[in-house]
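As they're listed, the protein sequences go chains W and Z. Take 1 as the starting number for the first sequence in UniProt numbering and just add one per residue. Take 1 as the starting number for the second sequence in UniProt numbering and just add one per residue.
Among the hints, a few may not be true.
[Claimed, not checked] BS3-like mimics (lysine-lysine), calculated; alpha carbons at most 27 Å apart, straight line:
1) Z:K46 <-> W:K79
2) Z:K236 <-> W:K117
3) W:K117 <-> Z:K46
4) Z:K77 <-> W:K190
5) Z:K77 <-> W:K91
Rather than coming from a laboratory, the hints here were simulated on the basis of the structure.
So you can see what is in the structure, the chains are spelled out below.
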Amino acid sequence: MGLELYLDLVSQPCRAVYIFARKNNIPFEFKRVELLKGQHRTEEFKKVNMLMTVPALKDDSFTLAESIAILLYLAGKFKTADHWYPAELQKRARVDEYLSWQHTTIRAKGSEMFLHKVLMPIITGKPIPAEKLQSLTGELNVVLNQFEEKFLQDKPFIAGTEISLADLLALEEIMQPLGVGHDPFEGRPKLAAWRKRVEGALGQQLCQEAHQLLLNPSTLSADKFTPELLEGLKQKFLK
Amino acid sequence: MGLELYLDLISQPCRAVYIFARKNNIPFEFKRVELLKGQHRTEEFKKVNMLMTVPALKDDSFTLAESIAILLYLAGKFKTADHWYPAELQKRARVDEYLSWQHTTIRMKAGTMLIHKMLVPIITGKPVPAEKMQSLTEELNVVLNQFEEKFLQDKPFIAGTEVSLADLLALEDIMQPLIVGHDPFEGRPKLAAWRGRVEGAVGQQIYQEAREVLLSPRNLSADELTPEMVEVLKKKYLK
Numbered sequence: 001m002g003l004e005l006y007l008d009l010v011s012q013p014c015r016a017v018y019i020f021a022r023k024n025n026i027p028f029e030f031k032r033v034e035l036l037k038g039q040h041r042t043e044e045f046k047k048v049n050m051l052m053t054v055p056a057l058k059d060d061s062f063t064l065a066e067s068i069a070i071l072l073y074l075a076g077k078f079k080t081a082d083h084w085y086p087a088e089l090q091k092r093a094r095v096d097e098y099l100s101w102q103h104t105t106i107r108a109k110g111s112e113m114f115l116h117k118v119l120m121p122i123i124t125g126k127p128i129p130a131e132k133l134q135s136l137t138g139e140l141n142v143v144l145n146q147f148e149e150k151f152l153q154d155k156p157f158i159a160g161t162e163i164s165l166a167d168l169l170a171l172e173e174i175m176q177p178l179g180v181g182h183d184p185f186e187g188r189p190k191l192a193a194w195r196k197r198v199e200g201a202l203g204q205q206l207c208q209e210a211h212q213l214l215l216n217p218s219t220l221s222a223d224k225f226t227p228e229l230l231e232g233l234k235q236k237f238l239k
Numbered sequence: 001m002g003l004e005l006y007l008d009l010i011s012q013p014c015r016a017v018y019i020f021a022r023k024n025n026i027p028f029e030f031k032r033v034e035l036l037k038g039q040h041r042t043e044e045f046k047k048v049n050m051l052m053t054v055p056a057l058k059d060d061s062f063t064l065a066e067s068i069a070i071l072l073y074l075a076g077k078f079k080t081a082d083h084w085y086p087a088e089l090q091k092r093a094r095v096d097e098y099l100s101w102q103h104t105t106i107r108m109k110a111g112t113m114l115i116h117k118m119l120v121p122i123i124t125g126k127p128v129p130a131e132k133m134q135s136l137t138e139e140l141n142v143v144l145n146q147f148e149e150k151f152l153q154d155k156p157f158i159a160g161t162e163v164s165l166a167d168l169l170a171l172e173d174i175m176q177p178l179i180v181g182h183d184p185f186e187g188r189p190k191l192a193a194w195r196g197r198v199e200g201a202v203g204q205q206i207y208q209e210a211r212e213v214l215l216s217p218r219n220l221s222a223d224e225l226t227p228e229m230v231e232v233l234k235k236k237y238l239k
């Protein structure tokens, strides 16, 4: 019993939850839910989270979905250091603002790039068409520009002088395309410097542990995708 | 000076912010930003919110975007009653969970239906194809089912026995298709009963104020949009 975190480290929000828990020495049981094997769609997992998404949390009989809700719950329950989710209203608002905005921007565009680059070659047998890659890159660039100009500006971190939940989640989302050989930090020295600061604050060892699966080329090789999984992903993500 | 709220009440998150502020007697200056006239794209408004979205808040020199961040900031600053955003961790988590999940589900599907039914005919000169309306309706139904089965269940409100920010925001999003004559409450007695409870908790007068735009379903006429806005909307929604 106790605290269980249902995670697949291929997933950006799962990595954020994992890193936060480990960084703060929060004791938990790691329950692996392999998305590529469809383990999020089993009857057993649906009892934990009927939305069939990861991350999910189970704390005795209390279950919870959505990484932001989970991060805030852990921060509150384990009374983590103030900078993760500052008590001061205006600093906190900066964190809330990013966490809200990112769903349909950084997260959406980063995921879209990632999924298209992974799936299209497997489904079509050919590399992603140049025009499609260009339009995905363009859309990602728009939101990365907004991230740099509005959310970072000249500050070291999103909320100001210290790292918070916003930077943690942002890093995991922005780095996702690295798993398919697209480097969003290229040509963006400000973003690259911010990444370095965030990873420095988290610790290199923990980052390596958490990022290993994503950065390993064999994790997402063609043979990992069953035809059934491909069909489902195609319908959901490729339009 | 003081608190300024930049709002267009045609927007769901704007209504939620307006209703919350009025319900809690929070003094503010209402700054109208007419989306259809492109007023969110002016240089003046960009100084308040460079993301060019509504709602936006300006509290002396502090500016803030994103309705969730704004609602939480107002709740904290004006120390509103606990039930709006409960201090108890697990109740609060239920609110956070909905506020996070809704961006890409309820907000997206209910909002898209309005965009297509109201705006697409103006920018293309043709009504929405029946097939498209059907698929939009089905997608909305999927998330409404999830809302009823996971977020409401047998509880009076999302967090339990009392209304919270989650219900406030959810109701404005779910009602949005009423503007174009699509009734999401039809055939959903549980959802309709929940709506009655939320409206009862807030009070009819405030809702009437906030929802003038919803009271009579209408077709937008082309002259309500500036040519610039037609172009912007074409690029955004016609792919």
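Hints, one by one, checked against the model:
{"no.": "1", "hint": "Z:K46 <-> W:K79", "in the structure": "violated (37 Å)"}
{"no.": "2", "hint": "Z:K236 <-> W:K117", "in the structure": "holds (23 Å)"}
{"no.": "3", "hint": "W:K117 <-> Z:K46", "in the structure": "violated (34 Å)"}
{"no.": "4", "hint": "Z:K77 <-> W:K190", "in the structure": "violated (33 Å)"}
{"no.": "5", "hint": "Z:K77 <-> W:K91", "in the structure": "holds (13 Å)"}
The earlier numbered hints that this structure contradicts are 1, 3 and 4.
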